[in-house]
Structures are given as structure tokens and as C-alpha cells.
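Both chains are sitting in their own frames, so use the hints and assemble them into the complex.
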Amino acid sequence: MAASISGLLKPWTPSVFLVRWSRYNPYYLEPEVSKEAYSRPETELSAEEKEQRELKALRPIKAATSGVTSSVFDDPVISKFINMMMEHGNKVLAREIMTQTLENIKKKQVEKYHKASEGEREVIECNPYTIFHQALENCKPVVGLASIQKGGKYYQVPIPLTDNRRRFLAMKWMITECQDNKHRRTHMYEKLSQELLAAFGKEGNVIKKKYELHKMAEANRAYAHYRWW
Amino acid sequence: NLAAAGPEKFTLEYIQKQVEEYEIGKRHLANMMGEDSENFTQEDIDLFDFIYLFFLLKQICFYFQHPDEIFPKQRAVQWGADGRPFHFLFYTGKQSYYSLMHDLYGKILKIEKHQDRLRAKGLFSQDAQLISLGPSRWLTKEELELLLVETISTHDYDRFIKLMERMLAMPYSSTEEEFVQRYRRQLEAQSMKQMMPPLEKDENGVAFSTAEGRRKTSDSSVILRDCGSGHITINGQDYLQYFPVLQDREQLMFPLQFMGVLGRFNLECTVSGGGRSSQAGALRLAISRALLSFLSEGDGEAMRQAGLLTPDPRVRERKKPGQEGARRKFTWKKR
Numbered sequence: 001m002a003a004s005i006s007g008l009l010k011p012w013t014p015s016v017f018l019v020r021w022s023r024y025n026p027y028y029l030e031p032e033v034s035k036e037a038y039s040r041p042e043t044e045l046s047a048e049e050k051e052q053r054e055l056k057a058l059r060p061i062k063a064a065t066s067g068v069t070s071s072v073f074d075d076p077v078i079s080k081f082i083n084m085m086m087e088h089g090n091k092v093l094a095r096e097i098m099t100q101t102l103e104n105i106k107k108k109q110v111e112k113y114h115k116a117s118e119g120e121r122e123v124i125e126c127n128p129y130t131i132f133h134q135a136l137e138n139c140k141p142v143v144g145l146a147s148i149q150k151g152g153k154y155y156q157v158p159i160p161l162t163d164n165r166r167r168f169l170a171m172k173w174m175i176t177e178c179q180d181n182k183h184r185r186t187h188m189y190e191k192l193s194q195e196l197l198a199a200f201g202k203e204g205n206v207i208k209k210k211y212e213l214h215k216m217a218e219a220n221r222a223y224a225h226y227r228w229w
Numbered sequence: 001n002l003a004a005a006g007p008e009k010f011t012l013e014y015i016q017k018q019v020e021e022y023e024i025g026k027r028h029l030a031n032m033m034g035e036d037s038e039n040f041t042q043e044d045i046d047l048f049d050f051i052y053l054f055f056l057l058k059q060i061c062f063y064f065q066h067p068d069e070i071f072p073k074q075r076a077v078q079w080g081a082d083g084r085p086f087h088f089l090f091y092t093g094k095q096s097y098y099s100l101m102h103d104l105y106g107k108i109l110k111i112e113k114h115q116d117r118l119r120a121k122g123l124f125s126q127d128a129q130l131i132s133l134g135p136s137r138w139l140t141k142e143e144l145e146l147l148l149v150e151t152i153s154t155h156d157y158d159r160f161i162k163l164m165e166r167m168l169a170m171p172y173s174s175t176e177e178e179f180v181q182r183y184r185r186q187l188e189a190q191s192m193k194q195m196m197p198p199l200e201k202d203e204n205g206v207a208f209s210t211a212e213g214r215r216k217t218s219d220s221s222v223i224l225r226d227c228g229s230g231h232i233t234i235n236g237q238d239y240l241q242y243f244p245v246l247q248d249r250e251q252l253m254f255p256l257q258f259m260g261v262l263g264r265f266n267l268e269c270t271v272s273g274g275g276r277s278s279q280a281g282a283l284r285l286a287i288s289r290a291l292l293s294f295l296s297e298g299d300g301e302a303m304r305q306a307g308l309l310t311p312d313p314r315v316r317e318r319k320k321p322g323q324e325g326a327r328r329k330f331t332w333k334k335r
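Protein chains in written order, with this note's numbering: chain C, 1 to 229; chain Z, 1 to 335.
Honestly, the hints are just simulated from the structure, not real lab data. A portion of the hints provided could be inaccurate.
Once the Cα atoms are required to be at most 30 Å apart in a straight line, the calculated BS3-like pairs of lysine-lysine come out as [what the hints assert, rightly or not]: (1) Z:Lys-193 to C:Lys-62; (2) C:Lys-80 to Z:Lys-329; (3) C:Lys-56 to Z:Lys-193; (4) Z:Lys-334 to C:Lys-150.
One chain only, chain Z, in its complex shape (with noise of 0.2 Å):
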């Protein structure tokens, strides 16, 4: 992986002759492969095999990937033959930050003085079209510092997000919505992130899911079927002798009291590793999972907002060396 050695500066006509490789590369797997050369994308090459690939390639370099993705961004020289910059805010250090700044600036004059016009005419009005941005987010640091292709500070990126928030606080601002939209990421619905397991059906008709969950160091897998009995059994003994506790018990029990179906269901469930309380945490992740697929969208963002479908991250933090736990210092003795 060359890319990883190091803060390496590569030249210009490296990465050319690279990128034509590529492409003559990309040509030869198409012919070998009996594809179509001239429409051969990335995604088709994704799809063969590397190890396979990597026995018919192995005279010919190629890169399975385009090197603009392997290669870091690099600037190309910034002046010209006799020394002059060719940027006019070369010397102030941070030209693309800079230039983005002082664009900025001139789109927000741009819109006082569009602001002033209607006002002369007397057409302004204070609550016209403000920008609908839409779940999103603005680039984090590191993403502008990628997109700029120079580092800044913190205090720069502040100012730059300032700078925004106060551009589009103004009315007549949705005239620069593409400008901004380009330092805006999408935010998605955390809840189409969730892992459905599947719904089946057994040979007595009744439909079952199964599902796993994790806490500490406990593992357990559950059956949930749609008997309407609501028997558990854990490891092959009743919940009631399992978990002679009535907190477990409650945990077991909170994601088919919340969603209101105690009685609907029976429980099979095995569990191994960690204590008592870690169990039924595992347990109780185990049966939300499992419960998702008999519930609809709404009710599944629903657990997820009362943190019943999130594993919990919490371990043993590890003792270190010098104290006597793993926040414990040993007694302070002045002498």
C-alpha cells in the first residue's frame, strides 16, 4: 500500500503515469475477463475476486482502485516560472481558506445589497424565503481541511462556520443555497440503520424470530414465538429459578412491557459468560432485536429511543500502573 508510508510527496507525473496505468490495466482485466473494455467501471471490478485476480495480474501492476483514492490529495506548484504566485492570497499561508473566507464575505454584501434594492423599491419583506437546508450537518473540521487541501486551526473553523450561520440567518439568502449545500453533508435516519432479523415460520405454522445480544461479557441468543402463552425458559430452567432477582426479571421483561405485549409471546433463550446483572442486559437486547420484526417502523424507532435496541459499550476498565484500581490511587502519604 504506498499510500500508507509516510507524508511522501509524490510528483505530478507519478500519479499520471500511474492513473494511465490504471487505465490500461482496468483495458486488460476487461479483455481477460471476456468483458466489454470501453464501458468497464469500478464497480465491475469490485466484483471479481481479488485472489483470483491477483494470479492472472501478476505481471501487469495494477491497483484495484482508482489512484486518486489511494494517492493523498497534493497541491500542485503554486507559482509560476519567474516566482510569481499565481494565487493573490498565496502569502498569507492559507490561500484556499482565505479565498473561501473572502468569497464568503462578498456573498453576504452580495445579499445586503439585493436587500437594499428591494428595500428602495419597496418590495422587502422580513420574512421571506430562508433557506430549508434539511437534516443535515456542516463538514466537520477534518472533511473542509480534505476539501481545501491545506490544514486549519480550530479557531479558523469556527470563524468559517460563524461566518455561515450568520450568511444564513439574513433573508434573501436562499439566492446562495447551492454554495451552501456544498459544505452541508446529508444526515440520515438513524432508525434505517437498524439490522431487522428475519421473520420465519415453523412447521406448526407459528412465526418465530431469533436473535443475539451482547453486555460485558455475556452472550445470549433468543427464540421469540408467537404463541400467546408468554413462557420463558433460560437455559432450560424457568426465568423464576434462573433469576431468583427481581431487577433481572424487570429487565427481561421491559421491552414486552413497553410495547405492551407481556402475554403474547414465548421465550427461549440461552445465555453464558459474565454475572447475573450482565445476563439479563444481554438478555434484554437479545428479546428487543428479536421483537423487531413482529413490530412496525414506528413502534421500532420507539425502542430505539428509549435505548433498549443499543448495545451497551460499557466494560471493565482495566487497572493501571501507579494506582491502585483502575481510578484508586494508592494512599497519599506526605512523607
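The following block holds chain C by itself, in its conformation from the complex (with noise of 0.2 Å):
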């Protein structure tokens, strides 16, 4: 019984080798970072929650990655942005990119702010943040094409997409388009600080990309019932 038991508290590896595996073993939970979430007293929870929590006090929690803090900085979208852009591990780099990125984004719309006049200074949005998250979900599509075969040919079906995968291809083609389309001489920060605002503004070369991608799923929306899941 004990052995049983210390024998799911270790770092393990799957009798079975899956494809991709971890070395915690899968009894594990994942963390819960913000400090809000223990703030809450007994009285405010629904019973799911009251669940949850037993549960988490039951179980082993995985330690916490070395790109996350409880600090109110910390953002979880943005460090997946940064995470996509690094590349051969150079995360001080992406890290860096990233902060003149909404550096510039914020000069720019402050820029504009003090160039505009009174009536148009309440519309124009001046946190970098809220211009980034903005511009993603604007770039984000909903619904994404599969390669289905169906007697011998291939169709491109529409089918829905999870929120994932929505976020994974927004970023995607957001990074994609910034280190193709430009001019040599043009930084990384600058080219992206141009196209997050012109996807905030519903413009811009990633927001085409979406549109393309919807317009060939209508086109293709005959197809629809090969899809079967």
C-alpha cells in the first residue's frame, strides 16, 4: 500500500513510451500561480471549487515553470508569444524583443494622443497590453480547414477550432509575417509593433490572412458533413 503510493510521488518514466511524455507522473496537478485564487474565503465558492480544492490538497502539484511569477506583471499570453519567438533557446532575446515591442507600440499611440484633439484623444487606447491582446483576438480565426480523404481525393473541410489552437495560429502567422515581410534594414520590434496595430486597427497583412482562410471555408462549406468528429 505505501509502496503503491510513494511510487506515484516520484519522478517516473511511463512503462509504455508515449511520444510525448513528462517526467512528473500523470497522479500530478498542475499549479495555480495567482495569489487571488487563494485569497477567497470558504463562503464565496461554488461546490466544484470546494472540490477542487480538496482535491489539490490530496494531490502533488508539479513545481512551477521558471517563466512564471505571481507578479501582477506576469502575463500568461504574453509569455507564450515570448516562447514562440525564441529561438534556439535564446528566451533574453525573445524577452527583450518583446519589451521594445509594446515599448514603440506605447511611444507610437502616445505620439498620436498628443498629436489628436480633444475629441478624438478618448478613443485612442495607450496600453500596450490591451493593444496585444486586442490585436490577437482580432487576428485569431473560427474556423480552420482539415485535409479529410474520401474516395481516393482529398477535401479541405471547414471544421471548428479549439481555443488553443485559435491563439497558437494568431500568433503563428503574427510572427510568421513579421520575419518574412520586411525590409531588411526594418528590427523585429518595429515590424511587430506595426502590424499589432495595424491587427488592433483591423487592418494589416495577418488580418488578410484570416479572412482568406474564412472565405476559403465558406467556399469549401459544402464539405462540411465529411467531417465526423
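What follows is the structure, given as C-alpha cells:
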């Protein structure tokens, strides 16, 4: 009895080697880093949240990764974007580019704010984080295409996408766009800030790409019933 | 270690002889040590130093554990002298498992009969006492196999669990609570298992605690002093100089910021081995452990659930032969 429970608490290797496996036993739960989650008193929680709390008290928890903190400045979306921009493990450079991008966005917006007249000033958004989130939201596609084989031919079938997949596609398009379609003398942060501001205003190449995908999905609407899941 | 020598079958007489010898050896030991030979229990044997005892007991072959714990549990012979099996389910092949399922279903029928009787009298109520099991888990497949002294398949085990769940879901199942508890194990809260470093006081009366942490190949040790200034020294240097990257400094401050005690403590750290990120991770673990002695139980539990107290088990995966790296394969050439 004691042997099997302590077997669940050690770093392990699975007996059947899957392609993606982690050093943690599947018995471990994900950590919850934000401070607010622990400051809520018992009375405010629903039944499921109480059950979750009890489960967390009994199970071991994985270690927090080195990219997350409980600080207010830590944003999971921005962390994910930095990781996707990172090449050959150079997190320092990727993070530097991200901070420069946000600074650049702020500069441009503040410049625009000071140049604008009284009426327009309320509309101008200066917070680079809201601009980033909104731009990413605008870039997310609603449906995607899957290549499904039927009767010897491959058809592009429109399928619904999960939230994670949509976010991934938006970020991927943004990064590839900024890496490919820029003049060799412009810096990455410069091009990124331009694209993000354009996406915030629903213009730019990334938005165009999203609309093309939607058009393709609409054109292939007839094959939607080929999807079986 | 006799029991580890493969799937040998020990006869019942042999094991009984071992048990008698164990009892005699226990009494000899008690007489030699001058203890009370009647009430000499296993715990008293465990307290003695084994090397010392070995020289004393060279002539007597004595197991330091009861033979039942050394030899695996075996089934006695299942049939009598006339060849007729004792158990009515012997010819199923898994008699203990099927008799358990049979008993369980019998209990379900009994509960249903009880419910019918109550319904006939008009006393049936839907929300009457379901079994309260507390924080516990079902027996794992291995534990069930040990209990039944026979092997069962995963399918059998799943069926057993489903039938148990079905019985628990019925109202008025609290009559069978004792039966169910035999097949459950209590889960103790994880927070009980935390090792807290002791809180010491140095000559100026300042409270401090020391803790160590490891991550990948880095080792770190941290002394947390309750001074109130917030200075951090790593290997003699200032932390700003040692960790020029913001991410590493954030990791250092993470436990302190999470608990809201940023300016309160002085940190004196030493770290060696690994790279910059793993050194920061090792320091973070050491700081969280040292902080445990200054905080209450609830705060310690919050830190554990935030993932600050788990040592990160991820290490570099080895390169495999036939591949270029740990995962990357060689370029596939069609011909």
C-alpha cells in the first residue's frame, strides 16, 4: 500500500513509452500561481471549486516553470508569445524584442494622443497590453480547414477550432509575417509593433490572411458533412 | 534473502517451521539482551543494531522479520484428498475474484430488497444516508491482487470498481460501509509531508533558517534572516550583479512576492553548478523551503499549491543510439 502511493509521488518514466511524456507522474496536478485564487474565503466558492480545493489538498502538485511568477506584470499570453518567438533557446533576446515592441507601441500611441484633438483623445488606446490582446483577438480565425480523404481524393473541410489552436494560429501568423515580409534594415520590434497596431485597427496582412482562410472555409462549405467528429 | 530468489514455491510445513524458529529466536534474543521474553515484540527487535546482533546470533539462523512478511503469500491446496475442490467457484480459475463479485452483487440485491420493504411501508426517502467515505481511494489493482492472492486482469479490476460505485450510488448503502472500507485506503493530506527547516536564533537575537535546493545540476543553500532590510547576496556578490537577466531575479523574488514579505528578509545564498536558469530555480526552491518556517500552515499549503515547494524533476534527456539527439532523428532519405 505504502509502496504504490510513494510510487505515484516520484519522478517516473512510463512503462509504455508514448511520444510526448513528462517526468511527472500523471497523478500530479498543475500549479495555480495567482495570489487571488488563495485569498477567496470558503463562502464564496461554488461546490465544484470546493471539490477542486479538496482534491488539491490531497494530490501532489507540479513545480512552477521558470517563466511564470505571481507578479502583476506576468501575463500568460505574452509569455506564450515570447516562447513562440524564441529561437535556439535564446529567451533573453525574445524577451528583449517583446519589451521593445510594447515600448514602441506605447511611444506611437502617446505621440498620436498628443497630436490628436480633444474629441479623438478618448478613443485612442495607450495601454500596450490591451492593444496586444485586442490585436491577437482580431487575428484569431473562427473556423479552420482540415485535409480529409474521401473516395481517393483529399478535400479541405471546414472544422471548428479549439481556443488553444486559434490562439496558436494567430500568434504563428503574426510571427511569420513579421519575419518574412520586412525590409532587411527594419528591426523585428519595429515591424511587430506596426503589425500589432494594424491588427488592432483590423487592417494589415495578418487580418487579410484570416479573411482568406474564412473565405476558403465558406467556399468549401459543401464538404462540411465529411467531418465525423 | 530467500524470498527474492524467483517464484519458488515453499511448502506450508517449511513456512510453519520458519515461524517456529523465528519465535524461538526471538525468545533467545530477549534472554540475551536481558529483556522480557514474553512480551518481546517486532518493534523491540527493530530497535537493535543489526551488525551487533549478527555476531551474537551467528549460530542461530534468525530472520529479523516475521516470515509472513518475507515469503510471498501463497495459496494452500484447493482440493481435498478425494480431488474435490473446496470452493464452489474453483473451476472459474479466479475463485477469490468471482466469489468477491458474487458477494458484492448479493449485497446489492440485499440493499434493493431493503429499499422495496421500506417503499412498501411508505418510509422510503431518496436522500437518506449515502456512505461518507472521507478522503480515500480505491485499492489499486496490485493491492487487490495481493489481497485476493491471485492475478486479475485490468478489465476485471474495472468491473469490480464499477460494481462498487454502483452500490455506493444507491440510497441506504450505508449498511455495507464496513465491507466497502475494507477495499479503500485513506489518503493523507499532502501538506502533512512537508519537511520544514528549524527556526534558529543567532547571537544578535535575529531569527534565521537555512534550506537547500536543487534543480538540474545546480545545488544551492540559502540562509534567510528576519532582519527587515531586504539585502540579497549570492556567492559573495550582489544579486543584481550575479543575475543580470530579469527573469532570474523574478524567480528569486517569486516566493517572497507570493507571500507578500518582499522587504522583510535578508538572503545569504550560495549556488554552484548548472546554468543561469537552473541556478535561479535551485535558489527559488531553497528560498521557499526556508520561508516555510516563518509562515503558518495555511500559507505553506498555498505555497505548495503554487508549485513552489516541488523539486522540478525535469533533467536533460539522454541521446539515443540511431538518433541524432534525444528526439531528433537522422534525416530520412528515401534511397
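Going through the hints against the structure:
no.: 1; hint: Z:Lys-193 to C:Lys-62; in the structure: holds (15 Å)
no.: 2; hint: C:Lys-80 to Z:Lys-329; in the structure: holds (27 Å)
no.: 3; hint: C:Lys-56 to Z:Lys-193; in the structure: holds (14 Å)
no.: 4; hint: Z:Lys-334 to C:Lys-150; in the structure: holds (27 Å)
This entry satisfies every hint, going by the numbered hints stated previously.
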